[in-house]
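Sequence order for the protein chains is A and B. Following my numbering, the numbering of the first sequence begins with 1 at its first residue and continues without gaps. Following my numbering, the numbering of the second sequence begins with 1001 at its first residue and continues without gaps.
Treat each hint with caution, since some may be false.
The list that follows gives simulated cross-link-like pairs (lysine-lysine, DSSO-like), each with its CA atoms no further than 27 angstroms apart [as the list claims (entries may be wrong)]: (1) A:K392 - A:K345; (2) A:K26 - A:K10; (3) A:K483 - A:K284; (4) A:K883 - A:K991; (5) A:K284 - B:K1059; (6) B:K1115 - A:K284; (7) A:K770 - A:K883; (8) A:K632 - B:K1044; (9) A:K240 - A:K471; (10) B:K1057 - A:K240; (11) A:K471 - A:K492; (12) B:K1095 - B:K1044; (13) A:K486 - A:K240; (14) B:K1093 - B:K1048; (15) A:K483 - B:K1095; (16) A:K10 - A:K345; (17) A:K327 - A:K698; (18) A:K966 - A:K857; (19) B:K1044 - A:K284; (20) A:K327 - A:K392; (21) B:K1057 - A:K483; (22) A:K691 - B:K1095; (23) A:K770 - A:K691; (24) A:K327 - A:K388; (25) A:K8 - A:K345; (26) A:K284 - B:K1146; (27) B:K1044 - B:K1115.
Beyond 10 angstroms from chain A on every Cβ pair, some chain B residues (computed) [as the list claims (entries may be wrong)]: (28) V1017; (29) G1051; (30) P1055; (31) L1056; (32) P1066; (33) K1095; (34) A1119; (35) E1122; (36) G1124; (37) P1135; (38) V1136; (39) G1137; (40) I1147.
What the hints contain is simulated information worked out from the structure, not anything from laboratory work. Just so you know, even glycine gets a beta-carbon here, dropped at the ideal spot from N, CA and C.
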Amino acid sequence: MSGTNRIKGKGRLTPARTVRFTFDGKALTAIEGDTLASALIANGIHLTGRSYKYHRPRGMLSAGPEEPNALIDISRDAARRTPNVRATVQEVFDGMRAKSQNRWPSLAFDVGGINNFASPLFAAGFYYKTFMWPKAAWKRVYEPIIRAAAGLGVSPSEPDPDHYANHYVHCDVLVIGGGAAGLTAALAAAHAGAQVILCDEQPETGGAFHHDTDASIDGVPGWEWAQSVTAELRAMSNVKVLSRTTAFGYQAQNHVALVERVTEHLSNPDAALPRERLWQVRAKQVVIATGAIERHMVFANNDRPGIMLASAARTFLNHFGVAVGAKVGVYTACDSAWAAAFDLKQAGVSVPAIVDVRMDPDPALVARARELGIEVLAGQSVLDTSGKLRVKSMKVGRASGGSRRDIAIDALIMSAGWTPSVHMYSQSRGKVVWDEPSQRFLPGRHVQDCASVGACTGVDDLADAIAGAAKAGHAAARAAGAKAGKAWSAPKSATAASWAGSMMGSAGGAGAETSVKAFVDFQNDVTAKDIRLAVREGMHSIEHVKRFTTNGMATDQGKTSNIHGLAIAAEMLGKPLPQVGLTTFRAPYTPVTFGAIVNHSRGSLFDPTRCTPMHGWEDAHGAVFEDVGQWKRAWYYPRPGEDMHQAVNRECRTVRDVAGMFDASTLGKIEVVGPDAAEFLNLMYTNSWDKLEPGRCKYGIMLREDGFIYDDGVVGRIAEDRFHVTTTTGGAPRVMHHMEDYLQTEFPHLRVWLTSTTEQWAVIAIQGPKAREIIAPLVEGIDLSNEAMPHMSVREGRICGVPTRLFRMSFTGETGYEVNVPADYGEAVWKALWARAEPMGACAYGTETMHVLRAEKGYIIVGQDTDGTVTPDDAGLNWAVAKKKPDFVGIRGMKRPDLLAPGRKQLVGLLTRDPNIVLEEGAQVVADPNQSLPMTMIGHVTSSYWSENCGRSIAMGVVAGGRSLKGTTLYVPMPERTIEIEVTDAVFIDKEGVRLNG
Amino acid sequence: MAKSAQAVRTEPLAGRVSGSAGVQVTPAAAAVRVSLRADPENAKALSKALGLELPLKPKTTAGSLPGRLVAWLGPDEWLIIDETGDPLSDLRKAKVLHSAVDVSHRNTAILVSGKGARATLESGCPQNLGDAVFPVGAASRTVMGKIEVVIIRTADTEYRVECWRSFSTYAFDFLSESAKDCLA
């Protein structure tokens, strides 16, 4: 038996297909197609959790995605556990484990329930007022306690084992919502020849026909019509129907994000299936058919389990075959609750009374009620309810006074009317407009290529909704350019019962004169009283009221509460409702998992990891890698027993004594080709390139417009019209863009083209006294002699039988070559070179050794020794600035008075008096260590290393007027001691450059 | 100078195979690639040198592999891919102003084929790859996941994804992950 509250013959599920699940450990049976909500109610369970703030017992309010209350922890296994799942959306699958939340030690007896009795303490703005002082307590005491107590579910602690999929799709017409209007629009658009996507958040389309069994279209019951139309759509090759798919974000230019729940309802999902699919739809036209959401009545103690929306009770009955109670009270301001009452009564449920706040409800409804034997209490209110864990009775009477009586019930259904669901419209940046006659906010002008149809536009009549949707669907197809298509006529007739009548704000007995708990926002535990308090305390804008009370700020986005909250605030302010305004709707419409959003971008796909062609060899030879942007670069190669320091010392010594091999492939490379190539470089660099002959290279500095150093690198001239430019590793993409930007916008007259060749070339630097001897036997067609190929030259030839651009250059101060070979040959050439280098006693070295060796020579690293405020002169690189060029990027910037003023920070060497002390990079430099705090800082350390070759520490730094301070003593104050330093030249080894030219 | 042994070529995705029931993901064969830049006014002379008409319409290609394929990437930019010939030396014959840069090793390519090929690409590429706007022979420089790629539709259910060498592991892994839900 799948629950004692099933009514034989009711509902659309197949009773024989049962599934088992547990709720708080208790084994229960459901029917396939049940939501957790319908299954629990079938089993007589209304109490599903405790509320957020007051820990009040709560149950299902709705039967759909708007559910604020019934948030459950759902799990399949230890790793697949999801908190805060709406019981009204989650379908039951065999083996599902459901657990109530926010209760301790048990759901029925919850210690936190004390908050309910202490509720006067927890009024709106309670946190803001209470935790103001002492200030220090906020961080240590208040915030941790509030954080621990806040939130409903507990987030999962294990890594998510599921995978998710993403699909970018394009279509002519996207229809959001598969109710009568959405289906009609989709059908019209599809028959007009458009490519259509229809998404609907429920397992089955049909929208309101889930509960409304009175409606019929062309003589067919609404539900059956919806299913047959859906089958027709599914059979069309130009239509994609996505069920269990929620449109949750409407972005710019008709980019709509949908999430499809693929396996959430399956007992044993195929491991190949993604848990969820994110559909990123780019639609030429969007039809919004999101329907309307019923509001609850705001009255005292309207939150007890068993009190729910009338449409929910009707859905549970008509769709799931479940009676929400045995004795159901009705409290309404809207006709649609009457229909629910009639359905329940006819299904054999006792309905003691319909309480309608309206003085004179539709006589036809009243007559029908009498006919069914239901007592009608017009012009009356439900003034209070009783029942601890489930509603037991309702107190009925006139709000103005007079006799009252308690009516025993075990469920109470209610309706304050329907709120058009304008979330998607509002997200599309449309502004809602107040419709005075119907007292509703409705879509106004559509600012994107979209249209709204059906109940979300305030259309109450089914025939009107269908006619409008058919027109809009057809128009959307035409606007999207669809031409083909066949004749199709919209349904001719449609009839449905009235949904007229509504009220906003608090009902009788819960007005400003009372202090009852009449809930407006169930999820955030906001009462009518809280909203009044917010207004009394000076919050006059709805945006302030919302933030002060948190009304509508929970994950349900105020689907049931916004309008009530607004009406109560407006009443308090004595202003018409539209003048108080509606808060903005934002994505997501309903909660979306992190998994769907993150999608593929986790683990190794979180960000690309770039490896050089020699990475495998480096890894096999014990390299430790460092991250440089997305690149993995060999940092150092420790031998067994060596720490980083020892490895780097050995590598530094070996390069200067013998030779070393370094992977420089990550350097940015740009091929600059064209008759005006030299002229272009003249404009991009401070240097002059006219006189550089083919076969020679030069170190270049590139500035930004403001005169500060942007990048540097060696540029080789391959031919009269062809340069091989290198950039820093980190600067490669931005330098390319910088150059392309100037070429296209400032210098479009130049006949020159730029091509990134960073990845075309693997680059092997061979540095050290034996560099030439290592490469010589492998090189063909290039004279390597010092005379034929001096320092700073480039030749094309072959190495190991493959083409090479061989640079003679050095970033170490040693004789050096940089062997460029097409990338796929990099590993083989490296191995061939290593086979020669290793027996000679050379080593492979990493970026750390490269840093030390260049610092020993005083070569700067842009971004380390410069920080975007360093000019060529500051860096001591004035020699690289052409004096006679009329123009280059940064020339005007360099002439700014503050860049020419004396006292600028200049790059100098900094040697500690104690050679064993290695300064900290970033440490501040002062002239007088005894001055009072805060000290005047005149510079800082930019590079600092232990230099094994110098037998002491070395450092570079920028110091105000540094070059004129050479020989003087300055100080680096550190927490534990003050370090004495001497300002020196920044070249620490081979000042004459003998080794370079060897 | 002693003649040394010829260095062997190590392609970045050598030996990798992936895919699912509806799609195969495999590394493409090695090819010569040239980045050609020129004023479209000179297209005629360059076409003559190359032996095929340089495409001048956005998102189009000329020729086919394993011979020579040229993809339009921009108003003055083409990507030439050739698995058999030598487009660089052919271009040297053209006397008109242009820039030809060898990018054979800068790029590598992944072939995505099968009924689920399009859905696999649509997992990471926001561009419209539908028949109407991206028919066989179409090509586009675009993004896939977090990287830049050139997608060329070589047949009804076959695409070639060109990416830079160091991004190829990411590209291959991304396509392998996408292939799991190729909707075929």
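Quick rundown of the hints versus the structure:
1. A:K392 - A:K345: Holds - the C-alpha atoms of K345 (chain A) and K392 (chain A) are around 19 angstroms apart, at most 27 angstroms.
2. A:K26 - A:K10: holds (26 angstroms)
3. A:K483 - A:K284: holds (14 angstroms)
4. A:K883 - A:K991: Within the cut-off at roughly 25 angstroms; holds.
5. A:K284 - B:K1059: Answer holds: K284 (chain A) to K1059 (chain B) is near 21 angstroms, not above 27 angstroms.
6. B:K1115 - A:K284: Holds. K1115 (chain B) to K284 (chain A) sits at ~26 angstroms (cutoff 27 angstroms).
7. A:K770 - A:K883: violated (38 angstroms)
8. A:K632 - B:K1044: Since the Cα atoms of K632 (chain A) and K1044 (chain B) sit roughly 44 angstroms apart, the hinted pair is violated (cutoff 27 angstroms).
9. A:K240 - A:K471: holds (20 angstroms)
10. B:K1057 - A:K240: Answer violated: K1057 (chain B) to K240 (chain A) is near 32 angstroms, above 27 angstroms.
11. A:K471 - A:K492: holds (13 angstroms)
12. B:K1095 - B:K1044: Holds, at roughly 11 angstroms.
13. A:K486 - A:K240: Roughly 18 angstroms separates the two Cα atoms, so the pair holds.
14. B:K1093 - B:K1048: The given pair, whose Cα atoms are some 9 angstroms apart, holds under the 27 angstroms limit.
15. A:K483 - B:K1095: violated (48 angstroms)
16. A:K10 - A:K345: holds (13 angstroms)
17. A:K327 - A:K698: violated (93 angstroms)
18. A:K966 - A:K857: holds (17 angstroms)
19. B:K1044 - A:K284: violated (38 angstroms)
20. A:K327 - A:K392: It holds: about 10 angstroms lies between the C-alpha atoms, which stays within 27 angstroms.
21. B:K1057 - A:K483: holds (25 angstroms)
22. A:K691 - B:K1095: holds (26 angstroms)
23. A:K770 - A:K691: This hinted pair is violated, its Cα atoms lying about 31 angstroms apart.
24. A:K327 - A:K388: holds (17 angstroms)
25. A:K8 - A:K345: holds (14 angstroms)
26. A:K284 - B:K1146: With a Cα-Cα distance of about 25 angstroms, the restraint between K284 (chain A) and K1146 (chain B) holds, given a limit of 27 angstroms.
27. B:K1044 - B:K1115: violated (38 angstroms)
28. V1017: holds (17 angstroms)
29. G1051: holds (22 angstroms)
30. P1055: holds (18 angstroms)
31. L1056: holds (18 angstroms)
32. P1066: holds (18 angstroms)
33. K1095: Consistent with the label, K1095 (chain B) stays out of reach of chain A, its closest Cβ about 13 angstroms off (over 10 angstroms).
34. A1119: violated (7 angstroms)
35. E1122: violated (5 angstroms)
36. G1124: violated (7 angstroms)
37. P1135: holds (14 angstroms)
38. V1136: V1136 (chain B) clear of chain A: closest Cβ-Cβ about 18 angstroms, beyond 10 angstroms.
39. G1137: Holds, because the least Cβ-Cβ distance between G1137 (chain B) and chain A comes to about 19 angstroms, which exceeds 10 angstroms.
40. I1147: The claim breaks: I1147 (chain B) does not keep its Cβ more than 10 angstroms from every Cβ of chain A (closest is about 6 angstroms).
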